[in-house]
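Chemist: Be aware that the sequence shown starts at 724, since it is given in the working numbering, and climbs by one per residue.
Since the hints were made in silico from the structure, they are not lab data. Among these hints, one or two may not hold up.
[What the hints assert, rightly or not] Cβ-Cβ distance ranges computed for the label pairs, FRET-style:
| hint | residue 1 | residue 2 | range |
| --- | --- | --- | --- |
| 1 | 769 | 945 | 15 to 23 Å |
| 2 | 1291 | 1107 | 36 to 44 Å |
| 3 | 1119 | 1156 | 23 to 31 Å |
| 4 | 1295 | 1212 | 53 to 61 Å |
[Stated by the list, open to error] Quick list of in silico lysine-lysine cross-link-like pairs, PhoX-like style, CA-CA up to 20 Å:
| hint | residue 1 | residue 2 |
| --- | --- | --- |
| 5 | 842 | 879 |
| 6 | 1221 | 1204 |
| 7 | 1166 | 1109 |
| 8 | 1183 | 1204 |
| 9 | 1166 | 1221 |
| 10 | 1221 | 1132 |
| 11 | 912 | 855 |
| 12 | 779 | 814 |
| 13 | 867 | 879 |
| 14 | 1282 | 1259 |
| 15 | 842 | 1003 |
Idealized CB from N, CA, C, for every residue including glycine.
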Amino acid sequence: MSYTATAINEVVRQIGNNEIYLPAIQRKFVWTYEQIEKLFDSIMLGYPIGTFLFWKVEKSKTNDYIFYKFIQDYHERDRYHNDMAPKPEMKEWIIGVLDGQQRLSSLYLALQGSYAYKKPKARWDNDDAFPKRQLYLNVLYKNKPRDEDANTYEFKFLTEAESKLNDSTHFWLAVKESLNWNDANGYIKFANKNNLLSSTIAIENLTLLWQRITQDKVINYFEVKAQELDDVLDIFTRVNSGGTVLSKSDLLFSTIVASWEQAREEIEQLLKQINNKGDKFDFDNDFIMRACLFLTDSPVLFNVKNFKRENVQKVKDNWEGIKNAIKRTIELLVEFGFSQESLTSKNAIIPISYYIFKGGKLENEDKKNIKHYLITSLLKFIYGGKGDQVLEAIRSGMRVIDSGTYKLKSENFPLTALRLMKLPGEKSLQFTVDDIENLFDYKKGAYTFMVLSLLYPHLKLGQIKFHQDHLHPASSFTQTKLKQLKKPESSWRKWIEKKDTIPNLQLLEGLENETKNKSQFKDWVEKEVTTNPNYKSLNYIPNVSLELDNFEQFYESRKQMIISKLKEIMDIR
């Protein structure tokens, strides 16, 4: 890898000549005027100002992405966004800045434009609070700083009126004047015209400014020639990982915002609404963008090419429907008792949103089938690898094309059809006996909640807080208590392992669970049966001794009852 060096004035010329642009993946300009003044002080001192990464884009590829122009006249209140680059200005090739945006933007507006920031204590609604300022150098000043934070040269952003306040220790030169000096005669003529030839400091400063801006090759850059945008994004992510790390979804999100100005506000508002539902969720931009591609029948693969203008336009045109489908999906999750802790894959709910978006019914049987699909997909980890391919396959199984438009194959949720599909990576939504057996390896957590919610379909999980309760209290499984049962140590050690698994768990209303607390299981069941004769059948309690010393038989008997029920639920014949 080798770097190329060029002078500041050459880069400024290229920017002004519409040869260098900012890709949409770049964030907005954020440098303060103090940072720009410090940058020019470093340049005068001959300090390195970092390396730059340029992306050479061929004309045939420029329409695949969105580029912005550099800001020339920055206004803290009214003009802080970059203008989109008009396509007619595109050359045979252009340069996109992958690393160095803030520094190049600062150089350009300092040497070709202005910086309007608010006066201290002034009101934001006062137009006069933002006077236009340009960067000036006091050519009669050179300091010997006492600390490393102090500037050696006096650069300041001044109004035109302020720049005329010259005296024996101040002569303000607009820094952009240096671009007009083709050789040493240029600044000598300037000094002569302004009676500065007798000042040694002035001549030194003028000479050095001309040298640094027009002669020295201060800009060291490496040129990337890759044309595939995903390769460029990978490079961009790597070189920008020193500060706030940008994920690929952050970069792709920028491409949406570039084509749809309201996207950021709309998506942030939607995320705030859905994440505050129920016991809270943690959805992000990544989820919303993937859902947008899926719902608008665009390619699901998460890369730049699938966020072209036409696809973003489809999202924009269908946004209200997309938004409502996602919100309704989250309401279903809450109804099913899910939260951020139990929703182990966000991809799993996107087909549900697609079904709602396309006008699918949400009657009781549909809700039941949606819940079974969701839990099955999470328990079978179908989105754990090749997630994009699995999503594509499931969408294909849900839709047909009619007169050029994709529609649902059925107005009812197609659980049976989805179960019969063969998915990428040898995956399937069809449960087997072995799959059911594996469920009993899970300990109390998200996956045991999913299984229990299938076993207790009558509970209003979205309205009442339910806990995963131990039938035989967890407090009974201490070594001290188990030793008192005079069972072999090998037996009760296995019991300790099994106490947190499904055969010893039930869903119990939170307040009731607190009442139950450490009650012995046998005593609790006897009390419950007196008020509810169906208690044992509703909770899969076998007709065996419920004393702790019979835990092994109880566990195996209840396990078999649960297996039989799950076979029925999972349609295993």
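Chemist: Taking each numbered hint in turn, which are not upheld by the structure, reported in ascending numerical order?
Modeler: Violated: hints 2, 4, 7, 8, 10, 11 and 15.
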